[in-house]
Amino acid sequence: MGRIQTMFDPTTIALIGASEKPGAVGRTILEKLLNSEKRRIYPVNPAREFLLGLKCYPDISAVPEHVDLAVIATPAPLVPQVTEECGRAGVDGVVIVSAGFRETGKEGRRFEQEIDRIGKEYGMRILGPNSVGFVRPPIDLRATFLKNIPPPGHIAFISQSAALGSAILDWAADAGIGFSLFASLGDMTDIDFADMIDYLEEYDEDTKSILVYMESVGNARKFMSAARGFARRKPIIILKPGKYIERAKAVESRFESMAGENDVYGAAFRRAGVLRVKEIAELFDAAAVLVSRKFARGPRVAVIGSAGPCAVTMDALIKRGGEPANLSQESMDRLNAVMPPYWNKANPVYLHGGATVEQYAKALEICIQDAAVDGVLANYVPLINAPSDQVALAIVEVAEKTRKPIIAAWMGGKVVQEGKRIFAQNGILAYDTPEEAARSYMNMFNYRRYLNRLYETPAALPEQEAPPKERLRTILQMALAEGRTLLNQWEAKEFLAAYGIPTTMPQIARSPEEAAVIADKLGYPVVLKIVSPDISRKSDVEGVILGIDSREELPGAYEKLIRRGKKWAPAATLSGVAVERMMTRIDFEILLGAKKDKDFGSFLFFGVGGTMAGAIRDYSVGLPPLNKTLATMLVQDTKVYKILRGSRDMTEADFARLEEILVNFSNLIVDFPELAEIEVNPLAISPDDMAVLDARILIEREPIPGGPSSYPHLAISPYPTKYVTSWRTRSGAEVVLRPIRPEDEPAKYEMLLSSSPESLRTRFFYTVKDIPHKFLIHFVNVDYDRHMSLIAETQEEEKKRMIGAASLVMNAEMTSGELAVFVHDSYQGKGLGTRLLKVLIDIAREKSLPEVHAEVLSENAAMLGIFRRFGFAIRRVPGGSSECRLKLS
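All residue numbers for the sequence shown refer to the UniProt record's numbering, where the first residue is 1 and numbers rise by one.
Heads up, a few of these hints could be off.
[Said to hold, decoys possible] Calculated lysine to aspartate or glutamate pairs in the EDC-like style (CA-CA distance at most 16 Å, straight line):
hint : residue 1 : residue 2
1    : Lys-21    : Glu-49
2    : Lys-294   : Glu-400
3    : Lys-560   : Glu-542
4    : Lys-774   : Glu-397
5    : Lys-799   : Glu-846
6    : Lys-420   : Asp-389
7    : Lys-529   : Glu-542
8    : Lys-362   : Glu-397
9    : Lys-362   : Glu-323
10   : Lys-887   : Glu-846
11   : Lys-147   : Asp-174
12   : Lys-598   : Glu-542
13   : Lys-722   : Asp-785
Note that these hints are calculated values from the structure, not bench results.
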């Protein structure tokens, strides 16, 4: 991130297109830059000798020293030439505030392509074009022409929309909310959301959270890596409007219209641990929540205030999944002591019109102190005799003594404005309506709950035999050789069965007599389905006949299918009829699907199947790869989940088996980028059986760039099986070295728990007293694109045991990687640490990292000796540790 780091904290800044004309962009930016007293500013304009008291230069090459940041404010046709001059001058980064690029048509797009080429040629980073610049209030840097500059704070705001960015900065100024950074990305020719998130993660300690307004994601895989890394420790809130997509007048079925771009963006944000909001007001809410730093930890809410607003508040909470808190008997007794005898003695706590400030404050304090209460929503209307501002001050006093959130709904006109001002000054969320307050609380809670679910330790699934990938790939090649992109039923189900997904495997009959022989072997009842490379969906031609109970029914059913095919698809080639066993009882019908998104690549979805799939449109969307936890979330995020839990008439579905099928389905998508679309409908579920009755697979016509092993179709890197190896210790013990999985958390915990305090101290540089889940998730939930964490495990009797671990954490620009190695006490001195380090150095070379480094306690002579044998340069640094560094290129 070196050049981005320099451009966002520059010492020298050139403004190309500087102007003295009042109101001109070039003058406004210059005036803003002049507020940065610690930086040297160089105006560039060949028509001027001086500007605003500063010497002016004819071009960037005439500036007398190296320029860290150049701001370009020239007309669009001049921008490519000016950018080239900046590149030749060695400028680290440029901000292009000029307009007139892709939005103007072909010529504008050509300008933009030229700018992109120049940036790559010189390694110079580019923000824009069509950017309004950036602001860093904590260091008083204003590279922008926006009027309102926010005060310093801890929220970074990244926006593609200049107008929305300006509006939020205006609002923040009124609300007293500060920012650590505001950046306008514009057309994202180079610097995109991922670059900004990575910069904030690695270099900006002022930023505690990020707000984003996004129209398009840029590099999706890079974004997922950056967002997942940041969101584990600090929140990211995104407003991404869903595009209005006009329904096609004629589509083959509802499958094409299911799970569109908006759904996929939502799935990607959830997978990254990002909170998505739907409205600008919710983005404002989120900013205020982030400033307050008081997050809802549970759904149990107490509501206090006037009766009517309290009832509305509670209804809004319940509608969004909140729960009325059950106040303890102790709390009820305390409330009885301060409230009038006729109070309602329940939650919501109704305050009568004559309630005093003291009663309001005491009731609030009692509720917030109750262990069964996760947060309080406090209402106020002018009907209460206590003045708005005095009640607000009392609430502020109570809020200062608790970590639980208190959110206010202050209803009324001018009479309540002073109360709202007091709340804003003291970081308490206050809204005009109870519904807004309830929405804000539940957004906070749902965000935290989803993060907790996302990083639950997944159960390990049974090990399965590796699927015959080469044989399956041959099926694809044969289909393409025949001019087909649609696999037939046998081929489609062959793929599914190879990945452990149960199917009713069809057998093809080319005459009624052949159909009868097949049916006799399968046993009745059977199903007949038409077979044609030209018919994508059999339902379109009435190409399925169910419930054939005897041999006598077969000839007539066979002929009927052929007639239907010729009637509804006269140009289609009919290859025969598929005969399948029929499930006699079906309690549930499920849809599994997979398609490709232009930004995030392959995605999958799960929902209601059968003939109801298009009508009900109940489905959830996820990105592969999945583990069992993610599969569980995919199932639970649908309405059909409640139905699958069973009833008096239907047995509960086998969720463990269903989730295993989802993981296997995900693995199929991961392994085969050639698959363009999969429709499994239905996956039939009964108490004793689960099977795919019908499947449709479309394949890509053209080869996939990069080949299957590079996973070009995925936004998240899958488990890297190529790094699984076997090795023997010096004593002959067999060890498996492999990348870590989230499922390895229990084994990691056991290894650390059984290690000596001294071994833990030399690895983590402090005395480890506790090993909680939130500590372990950073080691087991890794992004394989940027973080390679290997474990060493042995087989001891019937159980696998983790005996060592090592990690290579790469920076965002892939210019360096940090190494760490840990070996359990019982395996120290047996060559395991050396082996782990060697494998990671080899991986670093494979990824073309220029260097790797590590920090080791200077007293850890054994580990320093290992690094020294690999050729690391070692030097002591302050704090009792040594820096080990190895150049690889």
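A quick look at each hint next to the structure:
1. Lys-21 to Glu-49: Between Lys-21 and Glu-49 the Cα gap is close to 14 Å, so the pair holds against 16 Å.
2. Lys-294 to Glu-400: holds, 11 Å
3. Lys-560 to Glu-542: holds, 10 Å
4. Lys-774 to Glu-397: violated, 32 Å
5. Lys-799 to Glu-846: violated, 33 Å
6. Lys-420 to Asp-389: holds, 8 Å
7. Lys-529 to Glu-542: Between Lys-529 and Glu-542 the Cα gap is close to 9 Å, so the pair holds against 16 Å.
8. Lys-362 to Glu-397: Roughly 11 Å separates the two Cα atoms, so the pair holds.
9. Lys-362 to Glu-323: violated, 22 Å
10. Lys-887 to Glu-846: Since the Cα atoms of Lys-887 and Glu-846 sit roughly 14 Å apart, the hinted pair holds (cutoff 16 Å).
11. Lys-147 to Asp-174: Holds: Lys-147 and Asp-174 sit about 14 Å apart, inside 16 Å.
12. Lys-598 to Glu-542: violated, 33 Å
13. Lys-722 to Asp-785: Holds, because 14 Å separates the two Cα atoms, which is no more than 16 Å.
In the structure shown, a violation is registered for the earlier hints numbered 4, 5, 9 and 12, in ascending order.
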